[in-house]
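Asker: If you're matching them up, the sequences are chains A and B in order.
Residues in the first sequence are numbered consecutively from 120, following my numbering.
Residues in the second sequence are numbered consecutively from 909, following my numbering.
Since the hints were derived computationally from the structure, they do not count as laboratory data.
A few of these clues could be false.
[To be verified] Okay, the calculated bits of chain A under chain B, using three or more residues with CB under 8 Å as the criterion: (1) 266 to 280; (2) 327 to 336.
[What the hints assert, rightly or not] Which chain B residues face chain A? A few, computed with CB under 10 Å, are given here: (3) Gly932; (4) Thr934; (5) Tyr937; (6) Ala948; (7) Ala991; (8) Val1014.
[Stated by the list, open to error] Among chain B residues calculated to face chain A with C-beta under 8 Å, some are: (9) Arg920; (10) Val1027; (11) Leu1066; (12) Thr1108; (13) Leu1151.
Bear in mind that the values here come from a model prediction, so they are computed numbers and not experimental data.
Beta carbons: idealized from backbone N, C-alpha and C, even for Gly.
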Amino acid sequence: MSAANAPPFEANTEMRRDRPALRDPRWARWAIFIFGIGFLTLFVVLPVVTVGIEAFRKGVPAYLDALSQPDTISAIDMTLSVAAIAVPLNCIFGVAAAWALGKFDFRGKTVVMSLIDLPFSVSPVISGMVFLLLFGLQGWFGGWLRDHHLKIVFALPGLVLATMFVTLPFVARELIPLMQEQGTDEEEAARMLGAGGWRIFFSITLPNIKWALLYGVLLCNARAMGEFGAVSVVSGHIRGLTNTLPLQVDILYNEYNMVAAFSVASLLAGLALVTLIVKSFLEWRYADQLALTRR
Amino acid sequence: MTAAIFSTPMRRWSILPGFGPALGFTLTYLSLIVLIPLSALFLKASEMDLSAVWRILSNPRVLAAFRLTFAASAIAAAVNCGAGLVIAWLLVRYRFWGRRVVDALVDLPFALPTAVAGVALSALMAKNGWIGSLFAPFGIAIAYAPPGIAVALIFVGLPFVVRTVQPVLQDFEPELEEAAATLGADRWQTFLKITLPALTPALLTGFALAFARAIGEYGSVIFIAGNRPGFTEIVPLLIVIKLEEFDYRGASVIAVASLLISFALLLLINLLQRRLGAHERG
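Construct the entire structure; sequences and hints are all you get.
Answerer: See below:
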């Protein structure tokens, strides 16, 4: 093939070498390449680039100034606090669920599995509003909470609950298929040799699932820190008190404070990129130790 | 014999400990965080009688929001089916420099917080934005108009289609395509008659997942939509507005309606897919 008009890519090597029938015509290869890359650039890459450009539109000092505002600092603090409570709890839940569903067979297992997946198919707005119905002033426990001077909605507990609802499936979904795949042979052998439950878990199961667990925690954390809809409903948007980073982006944007809004957004975009990089690394390095259902 | 009654055990016997506590904890946690709160929603909506429910749902503003949400979601999911198929094909069938990066980028919409996607897309698509300014001379508005909503929903839905089609295409037996080629089919005929039918169930699943996600999507849409009642107001936003007006019942009715409709659609597509799968297997 002459180098001059050769496409910048070639067909999948194994297919190219011995499967000439699978070769798409050159124009088709070009069209697929250009359309695919173009679509991704337009819809996925450009938005992220925009965040960076808009954040630094007025230079680095303005960027740093936006990030050092007290409201932004308290939003960072709030986001970290919510994630620090919600992620470990969902992690414990995920491991317990995976132990029960991955290592044992029982009637109704598929029902429990689809219930765990339920938050994925519920709108974030609805995920937040259910807690408003329970704990809001007009909610069922609203009066009782007020009488006891307790605050759930429009305060940290509400933000944590809404975040837990939304991120509940992440760790469990990662671990259940993997633990099912791994079977129970090793654990049973340990049991025969006299190990107790915790011993089996910490010396056999946990080492086997650690990368998948990390993978699940990573995705769970990214969603917990970036959740907007659910948290927006229960937060009450109290500046400096119940604002997380995504809510701060919303407030600044609605005040037409674009540089500040995009500066805060750039923190979240950075988090997303780091998450993607670590995730790709885990997929590449430990593919065999993640759920085999994935590529 | 009493043993016969228990011939279908509640669970298969296992030597491993901890089943009871683990399942107990799982179910308790799941109930407290998800099931009880969600049933509160259904209870709240059921406090109203049917005529009141009908009055809320037949309100023109509510109907317009439902129409817009479902139409934009369907268009976005359909666009994603086409684009997702091309991207999956590119990632599976071709080898090129930077393929791993492109593969990782597909997951970006999963990782990027929706609010960030929303502000970024609306900056891009606004009249003075990079992309919006290309369309503005022709009098086409993307941001603050229905097309903007579809753009945001395309963004959030794309990975669902790529990630369901990709593994199926990966496992697809190339021999089938080769057989078609030996029988004289050209590449396009082979694709239409052999490859595409095999990918259809995966495409349908991808469509369903992207569609369901789009119905509930809030963060990325509200920034770009403009949120004019009856014109660019989506259902999740309408729920938020009702909540802010402390109209919890109205919000619950709309929420339950949208949940039920999307569950029904998911079920329908699931059934369709199962029938297709059965057909494939002969």
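Asker: Are the hints correct? Go through all of them and say.
Answerer: Okay, the hints, checked on the actual structure:
1. Check on the stretch 266 to 280 of chain A: 1 of its residues sit with their Cβ under 8 Å from a Cβ of chain B, so the three-residue criterion for coverage is violated.
2. Here the stretch 327 to 336 of chain A counts 0 residues with a CB under 8 Å from a CB of chain B, which misses the bar of 3, and the coverage is violated.
3. The interface hint given for B:Gly932 holds, since its Cβ lies 8 Å from the closest Cβ of chain A, which is under the 10 Å cut-off.
4. Taking 10 Å as the C-beta cut-off, the interface hint given for B:Thr934 holds, the closest approach to chain A being about 4 Å.
5. A hinted interface residue such as B:Tyr937 counts as satisfied when its beta carbon comes closer than 10 Å to some beta carbon of chain A; here the least separation is about 5 Å, so the hint holds.
6. The criterion of a C-beta within 10 Å of any C-beta in chain A is met by B:Ala948, whose closest approach is roughly 5 Å, and the hint holds.
7. Contact between B:Ala991 and chain A, as hinted, is supported at the beta carbon level, the nearest pair being about 5 Å apart and thus within 10 Å.
8. For B:Val1014, the interface hint holds, since its Cβ comes within 10 Å of a Cβ in chain A; the closest pair sits about 7 Å apart.
9. Taken as an interface hint, B:Arg920 checks out: its beta carbon lies about 4 Å from the nearest beta carbon of chain A, inside 8 Å.
10. The interface hint given for B:Val1027 holds, since its Cβ lies 5 Å from the closest Cβ of chain A, which is under the 8 Å cut-off.
11. Checking B:Leu1066 against chain A by beta carbon gives a least distance of about 6 Å; that is within 8 Å, so the hint holds.
12. For B:Thr1108, the shortest C-beta to C-beta distance to chain A is roughly 19 Å, which exceeds 8 Å, and the interface hint is violated.
13. About 6 Å separates the beta-carbon of B:Leu1151 from the nearest beta-carbon of chain A, less than 8 Å, and the hint is met.
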